[in-house]
Amino acid sequence: MTTLPTDRRPRRLIGTTAWYVTALFVAAVMIVPLLWMITIGLKSGSAVFEIPPRLLPREWTWRNFIDGPQAIHFPRLLLNSTIITALSVLGGVMTAMMAGYALARLRFPGRKVWFYLFVGSMLLPGVVGLIPLFQLYKSIGWYDTWLPLIVPAFLGGNPLFIFLARQYFLAIPYSIDEAAKIDGAGHLRIFTQVMLPLTRPAWITMAILAFQASWNDYLNPLVYLYSSGKWPLSVGMAAFISPFAGKTPDWSYYMATNLLYMLPPLILFFVAQRYFIQGLGSLGSTTQK
Amino acid sequence: MTRLSRPFQRGNTRSRGGLSRSAGSDTLAAYLFIAPAIIGFAVFVGYPLIRSFYLALTKYNGLAEPVFVGLGNFRRLFTTDPAFWPALRATGYLVVLYVPLSLILGLALAMFCNQRFRGVSLLRTLAYLPVVLPAVATITLWKFILNPQVGLLNTVLDRLGLPTSLWLQSPTMAMPSVVLMMLWGVGGTMIIFLAALQAVPTELYEAAKVDGAGPWSAFVRITVPTISPIILLQVILQTTAALQTFNQPKILTNGGPGFSTSVLMLSIYNNGFPNLGRIPQLGYASAQVWVLFVIIIAVIALAAKFTSLWTYSDNTPD
Amino acid sequence: MNTKLIGAAALACAGLLTLSACGGSDSGSSDGPVTVTVMTWESTQTNAVIKKALASFVDPNIKVELLDTPSGQYGDKLSSLTQAKKLPDLFWCGNDTEQQYTQQGLLVDWTSKLTGDFGPDKFVGSAIENWKTADGQMGGLPSLMNTYGLWYNADAFTAAGLQIPKDGWTWDEMYAAATKLTGKNGAKYGLVADQLTGPDGPFTMSMYAVSAGGAPFTDNVNHPTKAEADAKYTEGVQKLTDAVKNGSVAPPGYDASNAQSLFAAGKVPMMFGGQWLAAGFQVDKPKVKYGFAPFPQVTTPATLYDSVGICTPQYTKDQDATFKVLQYINTKVWDAVLPESPVAPPAYTPAQASYFDALTKAQQTTVVDTVKADLAAEKTVGVRFTTQWAQQVGDLTTAEYQPILSGKKPITNLPSYIEKINALIKSGG
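Residue numbers (the numbering used here), protein chains in the order written: chain A, 618 to 906; chain B, 17 to 334; chain C, 357 to 785.
Just so you know, the hints here were simulated from the structure itself, not pulled from any lab data.
Glycine residues also receive a C-beta, built at the ideal position from the N, C-alpha and C atoms.
Any given hint might turn out to be false.
[What the hints assert, rightly or not] Cut-off 20 Å, straight-line C-alpha distance, at most; resulting in silico cross-link-like pairs (SDA-like, lysine to any residue):
#1 C/Lys540 - C/Asp511
#2 A/Lys729 - B/Ala51
#3 C/Lys442 - B/Gly78
#4 C/Lys544 - B/Pro164
#5 A/Lys798 - B/Ala45
#6 C/Lys764 - B/Trp101
#7 B/Lys321 - A/Tyr733
#8 A/Lys755 - B/Thr96
#9 C/Lys776 - B/Gly177
#10 B/Lys75 - B/Ala45
#11 B/Lys75 - A/Leu753
#12 C/Lys544 - B/Gly177
#13 C/Lys540 - C/Lys643
[Unchecked claim] Per label pair, the in silico range of CB-to-CB distance:
#14 A/Leu673 - C/Ile520: 33 to 39 Å
#15 A/Gly758 - C/Glu485: 37 to 43 Å
#16 C/Glu775 - A/Met739: 30 to 36 Å
#17 B/Ile313 - C/Thr526: 54 to 60 Å
#18 A/Val888 - B/Ile120: 39 to 45 Å
#19 A/Phe642 - C/Lys522: 53 to 59 Å
#20 C/Gly784 - A/Gly743: 31 to 37 Å
[Claimed, not checked] Facing chain B, from chain C, some residues (calculated, C-beta under 8 Å):
#21 Gly431
#22 Gln439
#23 Asp511
#24 Phe513
#25 Thr514
#26 Asp556
#27 Lys623
#28 Thr705
#29 Ala755
#30 Pro759
#31 Gly763
Based on the provided sequences and hints, a complete structural model is requested.
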């Protein structure tokens with residue numbers, strides 16, 4: 618703990634140096650794989666398998682950044698991922714906020730029971746639903762559509778969000794509702810015009826968590842979608858490098874495209890860094906009283 | 017994180033009486049507000065639970081109707097299936113290797129980043145970066161980094177004159193390699209610990225210093241006890257998540273070499289959704305799901321014995 | 357954000373529903389021409405040539421559509437389509453898929469359609485034999501023959517002063533060469549043989565036993581009555597185990613998915629593989645001089661047989677139209693496809709000439725010789741079980757057989773592995 622000031626100068630100097638050396642190592646571990654990925658993306662297909670491997674490409678094949686995405690059908694996958702993610706973020710946040718509002722600020726029979734059930738379902742491993750829901754979607758014609766990836770979000774998909782929303786709503790003074798009620802506002806108006814602006818940090822955080830969950834999801838689209846035209850990026854990218862009948866995938870195309878795949882979440886991260894950190898922090902804080 | 021936790025307390029104290037005056041018409045409104053979540057609960061939690069339990073007792077290939085076989089699937093799992101015990105072992109090995117390392121490294125990194133040095137916020141950002149990236153993107157990247165012949169890791173080790181390894185292709189190193197890849201995302205654990213550390217009142221450390229406590233004793237006597245609820249929460253979350261690891265073994269090794277990384281989730285997937293036109297064994301896979309489910313519940317129950325983390329902390333009158 | 361927004365979201369959902377529902381293949385109503393859909397696992401390049409060849413199929417009542425499928429996900433997709441009951445009218449399938457699906461009553465039996473110029477005698481004998489199920493059905497037709505052999509880097513052999521592998525060379529010579537080539541010029545292993553060390557390894561090992569006059573691993577991959585490991589078979593396993601131990605053969609678990617590129621880069625001097633790699637090499641142009649030799653032998657030649665084919669689901673809309681296209685693929689399409697992309701010899705023998713001509717033109721003469729020798733081989737063994745419980749055999753192999761190869765378990769454990777498979781045959785068959 619360096620929050621405790623050390624008194625002797627040479628010792629501090631050694632401490633500082635040690636800190637920066639370690640920090641440099643940590644930073645390198647985090648960043649070098651990504652830089653290396655870019656160099657693979659710049660190598661020609663056969664140069665990737667040169668032994669001993671070169672760290673930098675001999676010829677810089679910039680075309681990989683055009684040919685790679687084309688071979689992987691990146692624009693199509695990106696569009697699919699964007700639509701799926703946008704809708705599931707919207708649905709997940711909206712229904713969780715609604716449920717959270719009711720559970721925190723309205724009095725009704727069964728309130729406790731539902732809260733327990735929702736929180737309890739957080740513990741249910743997702744895999745339990747995999748096979749029964751697969752059969753269900755198949756029988757109602759949702760197999761190989763985006764609906765299994767989106768509709769659950771519109772039905773309070775993530776119980777964690779309900780929990781977070783409720784906790785946040787509990788924190789808002791009740792005098793605000795009272796004042797609005799005196800003005801003649803109904804619940805819908807209180808919710809949309811009073812509560813949503815007040816809970817902005819909560820739903821932005823949830824939106825980011827929902828974005829990450831949907832953008833990263835691999836198992837669900839893998840199971841529910843088989844038409845490559847409907848795949849999101851996760852399945853499409855993984856499909857490109859899965860080997861079949863001894864054919865080696867084109868790693869340089871892949872790595873070039875992988876960079877593009879990483880960009881949207883990266884941009885979001887740098888724009889809304891505060892909320893990312895808060896999102897995970899809030900997980901801890903809700904239990905720490 | 018403090019930003020969130022502080023308002024709660026304020027809200028909780030003020031909530032008394034806030035609800036008591038609400039009219040009965042609230043019930044209808046409330047049920048309209050939670051209707052989507054209730055429907056979702058019924059369809060995505062209630063139904064699958066019942067249905068998958070039934071399927072676990074059947075022989076079912078998804079093409080014909082399920083045939084009831086009683087405990088036949090479980091008998092086959094525990095007695096004749098050559099893949100089941102290795103799958104349990106691989107899952108256990110992953111948890112035992114990953115969870116402690118992730119917690120220790122995460123806490124160490126959080127303490128390292130909780131210091132006042134120039135550039136520390138940049139370091140925090142960099143450490144968190146891998147967590148932000150899509151899982152498939154990082155896993156596939158690591159698949160190539162770990163390639164023994166042309167991968168980055170062996171290239172670097174070789175240039176430094178250090179011993180290299182077959183990594184994912186060695187039966188003994190495959191699981192450690194998977195865990196190594198997963199630890200690249202230790203920033204996720206770090207961030208939560210960091211938030212917890214920042215909430216520890218500095219007065220405590222000052223008081224300890226007055227008492228003549230060194231850094232280690234301050235860590236043991238102040239830091240650990242104060243953040244212990246977070247540590248426990250992390251143990252539960254990380255263990256249940258690790259028990260359900262799928263993406264990494266699926267993409268990195270597909271369970272190999274041998275059964276060394278064939279975790280339970282992968283075995284469930286391969287039995288329920290086998291490729292190349294093999295006939296699926298959905299009933300059998302459901303039985304495996306229930307084994308996993310029971311393990312997860314047991315872990316949570318065990319952890320709950322140590323804490324009352326998930327108690328309903330509602331101060332409002334009913 | 358109020359009811360309007362919720363309404364908009366609902367609308368978006370509804371729009372999505374119709375959009376995705378319409379996304380599937382929507383074939384015309386009964387009055388228009390019938391659409392026959394075709395799905396292959398070939399590479400993008402090969403598929404492009406197939407598409408072009410199918411375009412010249414002319415029939416006013418039939419429209420042919422080649423579905424776009426990335427080959428890497430073919431296996432997953434096939435299973436998904438089966439579950440969805442949306443299999444295309446014609447889809448590429450392995451012998452094992454054909455056997456299992458036919459037993460489930462999923463496929464159209466073409467036996468009665470095989471007559472005259474398109475009779476069973478026009479196909480490679482072993483292919484027809486293996487496509488028949490126990491009750492004599494043909495759930496599809498064999499299309500291409502997969503032959504296997506050994507790809508070698510001729511430059512590496514010359515540099516090491518070794519004789520180039522050729523017809524009649526022995527297992528001992530192969531292992532000796534592997535030892536000599538290991539560690540030379542960046543080669544980690546002298547031989548990469550996924551067919552020997554992977555899940556199908558026990559079947560491939562039959563070649564050794566059969567060639568030495570012993571018994572194969574199993575009497576029949578389609579309708580097995582027993583598995584066995586006789587003295588010759590055990591000897592073969594022992595030799596492989598020794599070679600794995602001394603580091604000259606890649607051990608079980610070696611990720612063979614990059615082997616083709618490493619071979620082309622000269623870093624894998626010998627590798628077991630199928631003839632279809634020739635088509636890829638023709639595009640990628642390896643830096644090394646390479647060739648394709650038959651598998652080694654002990655006393656007589658022995659090789660693997662494996663045929664792939666094209667299957668049709670029971671629910672195909674118009675069986676006659678589908679059969680017309682199937683016949684067109686088997687008799688005409690190969691002539692157009694193989695010159696540009698020589699992936700495999702057709703099972704329909706009159707169409708084989710174009711395959712060999714293409715390879716000869718591309719100066720892949722070693723491939724021509726080896727494929728011809730393989731097709732004519734008298735002693736052949738199946739590549740894997742095609743039964744319903746084949747996956748359980750795979751698990752047993754991982755649990756019991758592969759550890760023997762990697763030296764984790766003694767070779768004396770071989771009989772217990774065989775015993776367990778026999779138990780499976782008895783209970784499952």
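Going through the hints against the structure:
no., hint, verdict
1, C/Lys540 - C/Asp511, "holds, 12 Å"
2, A/Lys729 - B/Ala51, "holds, 15 Å"
3, C/Lys442 - B/Gly78, "holds, 14 Å"
4, C/Lys544 - B/Pro164, "holds, 10 Å"
5, A/Lys798 - B/Ala45, "holds, 14 Å"
6, C/Lys764 - B/Trp101, "holds, 17 Å"
7, B/Lys321 - A/Tyr733, "holds, 18 Å"
8, A/Lys755 - B/Thr96, "violated, 32 Å"
9, C/Lys776 - B/Gly177, "violated, 46 Å"
10, B/Lys75 - B/Ala45, "violated, 45 Å"
11, B/Lys75 - A/Leu753, "holds, 17 Å"
12, C/Lys544 - B/Gly177, "holds, 18 Å"
13, C/Lys540 - C/Lys643, "holds, 16 Å"
14, A/Leu673 - C/Ile520: 33 to 39 Å, "holds, 37 Å"
15, A/Gly758 - C/Glu485: 37 to 43 Å, "holds, 41 Å"
16, C/Glu775 - A/Met739: 30 to 36 Å, "violated, 47 Å"
17, B/Ile313 - C/Thr526: 54 to 60 Å, "holds, 59 Å"
18, A/Val888 - B/Ile120: 39 to 45 Å, "violated, 32 Å"
19, A/Phe642 - C/Lys522: 53 to 59 Å, "holds, 54 Å"
20, C/Gly784 - A/Gly743: 31 to 37 Å, "holds, 32 Å"
21, Gly431, "holds, 3 Å"
22, Gln439, "holds, 5 Å"
23, Asp511, "violated, 19 Å"
24, Phe513, "violated, 21 Å"
25, Thr514, "violated, 23 Å"
26, Asp556, "violated, 12 Å"
27, Lys623, "holds, 7 Å"
28, Thr705, "violated, 27 Å"
29, Ala755, "holds, 4 Å"
30, Pro759, "holds, 7 Å"
31, Gly763, "violated, 11 Å"
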